[in-house]
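There are 4 protein chains.
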Amino acid sequence: MATLSSERVPVPRDRDNDYTREAARARQEFLRERTGADLEHVSSYSFDPSSLTGNIEQFVGVAQVPIGLAGPLLVNGEHAQGEFYVPLATAEGTLVASYNRGMRLLHEAGGVTTTIMADHMQRAPAFLFASAREAREFGDWLGQHFDEIKAAAESTTRSGRLQEIERYSAGRILFTRFNYTTGDAAGQNLTGKATQAACRWIKDHHGDIEHYFLESNFATDKKSSQVNMLRTRGKRVIAEATIPNELFHRIMRSDSGLMYRARQVSNLGGFMSGVNNNGAHSANGITAMFIATGQDAANVAESSAAFVYAELRPNGDYYYSVTIPSLIVATYGGGTGLATQRECLEMLDCYGKDKVRKFTEIVAATVLCGELSLGSAIVAEEWVEAHDLYGRNRP
Amino acid sequence: MATLSSERVPVPRDRDNDYTREAARARQEFLRERTGADLEHVSSYSFDPSSLTGNIEQFVGVAQVPIGLAGPLLVNGEHAQGEFYVPLATAEGTLVASYNRGMRLLHEAGGVTTTIMADHMQRAPAFLFASAREAREFGDWLGQHFDEIKAAAESTTRSGRLQEIERYSAGRILFTRFNYTTGDAAGQNLTGKATQAACRWIKDHHGDIEHYFLESNFATDKKSSQVNMLRTRGKRVIAEATIPNELFHRIMRSDSGLMYRARQVSNLGGFMSGVNNNGAHSANGITAMFIATGQDAANVAESSAAFVYAELRPNGDYYYSVTIPSLIVATYGGGTGLATQRECLEMLDCYGKDKVRKFTEIVAATVLCGELSLGSAIVAEEWVEAHDLYGRNRP
Amino acid sequence: MATLSSERVPVPRDRDNDYTREAARARQEFLRERTGADLEHVSSYSFDPSSLTGNIEQFVGVAQVPIGLAGPLLVNGEHAQGEFYVPLATAEGTLVASYNRGMRLLHEAGGVTTTIMADHMQRAPAFLFASAREAREFGDWLGQHFDEIKAAAESTTRSGRLQEIERYSAGRILFTRFNYTTGDAAGQNLTGKATQAACRWIKDHHGDIEHYFLESNFATDKKSSQVNMLRTRGKRVIAEATIPNELFHRIMRSDSGLMYRARQVSNLGGFMSGVNNNGAHSANGITAMFIATGQDAANVAESSAAFVYAELRPNGDYYYSVTIPSLIVATYGGGTGLATQRECLEMLDCYGKDKVRKFTEIVAATVLCGELSLGSAIVAEEWVEAHDLYGRNRP
Amino acid sequence: MATLSSERVPVPRDRDNDYTREAARARQEFLRERTGADLEHVSSYSFDPSSLTGNIEQFVGVAQVPIGLAGPLLVNGEHAQGEFYVPLATAEGTLVASYNRGMRLLHEAGGVTTTIMADHMQRAPAFLFASAREAREFGDWLGQHFDEIKAAAESTTRSGRLQEIERYSAGRILFTRFNYTTGDAAGQNLTGKATQAACRWIKDHHGDIEHYFLESNFATDKKSSQVNMLRTRGKRVIAEATIPNELFHRIMRSDSGLMYRARQVSNLGGFMSGVNNNGAHSANGITAMFIATGQDAANVAESSAAFVYAELRPNGDYYYSVTIPSLIVATYGGGTGLATQRECLEMLDCYGKDKVRKFTEIVAATVLCGELSLGSAIVAEEWVEAHDLYGRNRP
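Chains A, B, C and D, in that order, are what the protein sequence lines are. Here the first sequence stands for residues 1 to 395, numbered as in my numbering. Here the second sequence stands for residues 1 to 395, numbered as in my numbering. Here the third sequence stands for residues 1 to 395, numbered as in my numbering. Here the fourth sequence stands for residues 1 to 395, numbered as in my numbering.
Simulated from the structure, these hints should not be mistaken for laboratory data. Remember, it's a predicted structure, so these values are computed and weren't measured experimentally. Don't be surprised by glycine CBs; every beta carbon is placed ideally from N, CA and C. Any given hint could be a false lead.
So, partial list: chain B residues that the calculated Cβ filter (under 10 Å) puts toward chain D [claimed, not checked]:
id, residue
1, Phe129
2, Ser131
3, Ile251
4, Phe307
5, Glu311
6, Asn315
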């Protein structure tokens, strides 16, 4: 309930240690008094709040998001190999069932092949000069001093490695993209620190910079952009499979020919609507996995972009691929170490070091299953009707 | 851990009643055996699983996502008026603190003005004809039979109302957008059913339709698109404020002039990068509120689009607005009635009927606070340096 | 040659009558003296410069752009029916031959079916208010006062008719699109005048407008935009045909199956590259017709957008359609009345009143021929190789 | 006039030599008989048709496009330095006058600074593999064999140099961009031939390629795309200037403050409309120069993209820049050697070898003048009114 008061009353905090059950309870009480809201469930959490340091401020309790289990998902990856049971945190009815059904289809089809094509996180500082000419010269200078800049950036991080500095000019500004590998972390923070250090070194060693901005909508953190769809932010990962039409008939009561026709229309619709994903609904599976496993779900903005490419083979087989150009995931840092989140990563054997590529592949494979499941459902009614019409369903 | 087996073992289900603690426990046990994962925390939930019917399948436990409390947020809306304490479910350190700081700034500036400009949810069936000419005639026919189509659509729903059918042609296909008001529900399901009914009526009454597709990437559910940024899916809501520079100095240790200069470069960067949001990070606040209050977080894909427009006034005041063209929210249905989710809506007095516009305004106001907080942080270092240089910070 | 002088010497003009051979000659002489350039050919023009009033300033001569003749083009339009010989002004070798070849293919296939789906030219004034709330109220007010606004707009024009005022909000600004039919003129000028008059009436009758801008990048004159691709600026016209594979084999030494496969990859490439046209090269034919017939070739920026949708039929027939969403053409006004330009329109029986829809259809049909011609060429080598391989080409 | 006949009558050609006045006359006669069109002016051309070999087929005469002269344009480029009189071929009244006025403004402001930031033309073959994994390996292989591929490509051309092969993956396809420098030619043809040769070499030496396509909408020839706006096709050139407000007042009867406010709204409008150019009308000047100087005007589709970035300085000075990311120009080859076209290049001392960068800078500088001229006109009425109001215009 809204309260109208002349005096602004901030949320209570314990200045000594705010990460305790008591501090949380004080805030629950504060809310109860001010809004009348009962927090019976929000206040039911099973972990010690001290584990939240660095993850949240003014902790008051938890959202309990139900997790459904889908699987087994069969993955033929380079890092993920074999069967997985996938935790999906969602409140959207049928979502888990739909992905589960797609996993069955792909399991019978021999599994999902996954390939990571690129992997880099970036910060994108913009540098301002007297004119474009100095900006261009600075661009060359960046190339000449790459090693020193790399050393400055990497002095701040153990796992981040500067790979490349891309350059895009406009007016008297040079926009750059500092591309890093970031180990098992998503890397937004470490690349931020590293790039800040790099920029300070640059500013100290190049006399012509009028000003620089650490970010200027060219890495587009938490936003979807064509530059990231082209050049990748996070992982660029592809999931593919070729599915015999017999499986569509038997498992999905669908048909590859009908699905392919629908795909053509979806490609056109997507092109005309200016969408960032010509597929069906990859955000559903990605978001549900992100919430379950402690990924930053705000990255769904970026990670929901996708390119679908499909082929109907002469024998009715359906080749289907989904390319996720900017999947931002971690198996270390961020929310991955929280109580339930870590358990969900552990069910996939994906918690901690050297696991992020495995996790990436599992996410991509899950997405593919969801695409084919929804794609099947869309044409199922028609297929059943056609089937009945031609009598093939008769006993 | 991946298991390699020749036989596909599906997730166990209780065919009589799968929404029980026992059924969940059976799945926990199944996972423990197969993957070795301990689900101590995932299995700690405070509600009766029977409440999850219609929200999830193969329930195994919960993700406990920590909630931080930000506020008070002062809103001068048409539906939300006064102060609110806002629950943000996230694991990204500093997010709550940053929004909280922005809320303080805007509180001292007199609050955030919010305005809902448009409100409609859509399904976008595509109709296929022999040629474009029949498609055009069908477009006219849709206009002539709007009342009957509306009746067919609305026969399936109590709260959905068909407002308009937009038409976009390409080749022998007419893409349409069926725009509905949907009461307090987000409305994807009800518009799906209503449009399915409408399409059946249409197919029965128009002889030339070769085929129709209920969706073809023209409503772009769970995806970001220019058509939705232009025409709105969900709510189009604007949050605005004018902030005296003195408040930036005092509260944020920042400066409106520096922020405005950074904004210009961000506008250019965003235009060149092809981003769907020229602002800073609206997805952060939106996602955290979505998870806390039982919204479908996959809609962050769409809801993360935004248009920022700012003005530096001659006296240093900073006018700042953020327009969210496709904010998809509900206060009824979906995950809003789940245990913790409902409590979080209740803290805002936003649970249930006739509350969705109020909730919409609170989300938009929260977003504005986050934009100004991050926008301030980006230039704070520079401002402090400039300040020190000119001696104004000296005691 | 560049001349370096301290004094700025403007181009000479005859203040009494600048549209004479003498005035042109004075400028030729001026150029010859200053740059050494010989203008033998530029100064060879066959018309009286007095005919150029209103079309150009500081006339010095002409560009002679060679015209090639392609055809016969067979059109099954609603306005264009029968065969046409199409003038293409270009210096790109093979362009005319390629379109000519496509015209032969489509002629044998029974011609090109053309359909105009929409027709409106717009100006897009933006109105600024104290806040979004007044902007929203103004939007409603526009609807209530449409008839008066229409009267004010149409008082300035004989052929322009205001159809609709679209509204798009952001911050405290309401962007509008004033959509007009404009008879046989392209209509940029008349809609400019009409909308200026409408805006003045609006400003006089609505007290809350802080300011208005006659244009603000929302009609995107001379630029390509998603809003125009969706909502149409100029004509939205579709050209379609279904071509038997036998014709591809015989005339183009190509194959529908190979072309369709290439189309799939082009669709994906176009989606990923963020292109405004998933087809091949419609700008080539459009530009060549525009220059020949006195259209404003700068409109190629907008008119080059296109949506291609194709289907491979089970029998190998190839359905192919191209949708031009913003084709800006005229048969009256602008450059259409100039000496050679009028002759070129007359060859198509498209000069003057009530001809613009006919001309629109001819342009669209020409574009389709060019798409199929280039699409064939791209796979021809492969087809020939495959053909040779399998011995079918042997005598 | 359309002719309806059962027999298709092709355009007459002289098989021995079709590039003669006689052959052209035969086609004129053919047209006259079939359409009744009189070609008095079209048939008035001043050059020998034999000069058209390689530029056009089925030549029938010329479009005489009037050229207006604007200038002097003062350029402070690296290749273009000093004053230029610019030929603009157009039939749009006021266009020449408007550019001329802008040139006067910029001349008094000290000229336009121009900088070429990047220069490459590309072909973009797509390679198809069994799966994404082979596509990725092929990408690495391309890097390892760059020197050999470069040699194969360059064996076909004297002036083209392969700089880089960019890679973008989706599904089982690797899209590439072969970037070349192309001397004074625009280079579409030479890069086509070179890339064809490179692809053949690649196909011969890499066993896994299932198929390749020489083009797949990833170089987007004759179309506007985000990838070209980011990565450049042709020249990336920037024109800049800083103009004292006194000059806006005196010459343009305009004001930098008003222009800057309008720019902000245009930036927002352009972002929301999804335009490829947030400026005013660069296509106007570019098209008029392209037609005059024998450039391929169909490239206006690509060359019309632009990024405008402006700053209002505290003293009222207006910094304004326009970045053209994909300006496709030549001073050699294509239509540049035709009779009038060559003369127009010669007026700028830009015909032939080693002139293309000079010409590029002149085009960019011209564009800037047009931007400021139209930008001034848009606010001029308001400025005059404000001026009158406050009495400053009184004698």
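Here is what the structure says about each hint:
Interface hint status for Phe129 (chain B): violated, as the beta-carbon distance to the closest one in chain D is roughly 26 Å, over 10 Å. For Ser131 (chain B), the interface hint is violated, the least distance from its beta-carbon to any beta-carbon of chain D being 20 Å, above 10 Å. Of the supplied interface hints, the one on Ile251 (chain B) is violated, with its beta-carbon coming no nearer than about 25 Å to a beta-carbon of chain D, more than 10 Å. Checking Phe307 (chain B) against chain D by beta carbon gives a least distance of about 6 Å; that is within 10 Å, so the hint holds.
A cut of 10 Å between beta carbons decides the hint on Glu311 (chain B): the least distance to chain D is about 7 Å, and the hint holds. Proximity of Asn315 (chain B) to chain D is violated relative to the hint, the smallest CB-CB distance being about 14 Å (cut-off 10 Å).
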